[in-house]
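Every letter in the sequence shown is one number past the one before it in my numbering, and letter 283, counting from 1, is 337.
Honestly, the hints are just simulated from the structure, not real lab data. Wrong hints could be hidden among the right ones.
Capping the alpha-carbon separation at 27 Å, the derived lysine-lysine pairs in DSSO-like fashion look like this [stated by the list, open to error]:
1. Lys213 to Lys118
2. Lys101 to Lys305
3. Lys329 to Lys109
4. Lys356 to Lys118
5. Lys213 to Lys226
6. Lys118 to Lys101
7. Lys395 to Lys205
8. Lys118 to Lys395
9. Lys301 to Lys206
10. Lys213 to Lys301
11. Lys356 to Lys101
12. Lys351 to Lys205
13. Lys305 to Lys179
14. Lys213 to Lys305
15. Lys329 to Lys205
As the structure is a computational prediction, the values presented were derived from the model and not from experiment.
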Amino acid sequence: MTMHIRRKKLFINYIALFLILVIVCPLLAGCGASSEEVSYSLPEEQKLVVYTSHKQEIYEPIIKEFQERTGIWVEVISGGTKEMLDRIAQEADFPACDIMFGGGVDSLCSYTDYFAPYSSDVQEKLDPTYRDASDRYTVFSNLPIVFIYNKKLVFSAGKPRTWQELLTSTWKDKISFADPSRSGSAYTALCTLITARADALSQAETLELFASNLRSAGCASSSSQVLEDVIAGTRLIGITTEDAALKRIHKGADIGIIYPTDGTSVIPDGTAIIKNAPHAENARLFLEFTVSEDAQKLLREKCYRRPVRLDLEEDDAITELTYDLSWSATEQASILGTFEKALGKEGN
């Protein structure tokens, strides 16, 4: 009798354990599942794959708000502008992503063959200066190129105020500049420098003089590294975008911003829907959200970026250069090749 009761209790315990495993294990597995595993459990109509060259502090609030409003699950893959665009080109026959979010429009211009034309519902409210004639991309935010300086090591009276000054020996080995073959904003800055000095120097002369001031240490590994170099004082001057500088100043960095008096570029970055995107309708919804009034206000208030909506334009005293998008796109390989060759030369 006792043995029978003991066996019965043991059998009940086995059943209880089995039920616990059946119920709890899937929950535990779900908690540890990767975002990729979760995404594939969703219906296709609820998915969106985004390639972005934006930093997390830029794309995260925009994507989070989009997900909350639409219920669409967004998978984000980030990297450098050229890295992401090259990946899109390589995947052209079988697109893996739906939309490119970020990258200066001068960089996007070189890859328009891989983008689907789309005109936003609010196109008439957007800054038309750098609109693509075939609507292969839509502008997202305006990004002035600026200089930054370490306020502890550079007196305000002695800071460089023009692009021309950055070509003099005064700032030799004191400038931090990201690799323009990897950073879209650095390539825009390089083209801005050439444009600013076009009346006085040839393209090759400008690139040679600038490279000679960078040659000893070379280029910074990324646009983020430019800020770190100047904040730490390992370089006195940096070339970056306005929003990147403002964000670090807001966090307490003791750096100053210089708007070049001989002019600078204010090139927007953009958003482009991939040709034959797997989730094209969701890509269109996302693009529309990026230029909505709410998203553009969020951009200004939380990301320190300039909106592209005409009804939210900012009034300031920036001297803006006329920047030739077609030239910067078609001459990209030549410009980068000349610059890299100049960086590799020995001596002055």
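Status of each hint after checking the structure:
1. Lys213 to Lys118: Judged against 27 Å, a Cα distance of about 40 Å means the pair is violated.
2. Lys101 to Lys305: violated (35 Å)
3. Lys329 to Lys109: Since the Cα atoms of Lys329 and Lys109 sit roughly 24 Å apart, the hinted pair holds (cutoff 27 Å).
4. Lys356 to Lys118: holds (13 Å)
5. Lys213 to Lys226: Distance of about 14 Å is within 27 Å: holds.
6. Lys118 to Lys101: holds (14 Å)
7. Lys395 to Lys205: violated (33 Å)
8. Lys118 to Lys395: The given pair, whose Cα atoms are some 43 Å apart, is violated under the 27 Å limit.
9. Lys301 to Lys206: OK: Lys301 and Lys206 at ~19 Å, within 27 Å.
10. Lys213 to Lys301: holds (21 Å)
11. Lys356 to Lys101: holds (26 Å)
12. Lys351 to Lys205: Not OK: Lys351 and Lys205 at ~30 Å, beyond 27 Å, violated.
13. Lys305 to Lys179: Between Lys305 and Lys179 the Cα gap is close to 32 Å, so the pair fails against 27 Å, i.e. violated.
14. Lys213 to Lys305: Within the cut-off at roughly 22 Å; holds.
15. Lys329 to Lys205: The hint is violated at about 47 Å.
In summary, the numbered hints that this structure violates are 1, 2, 7, 8, 12, 13 and 15.
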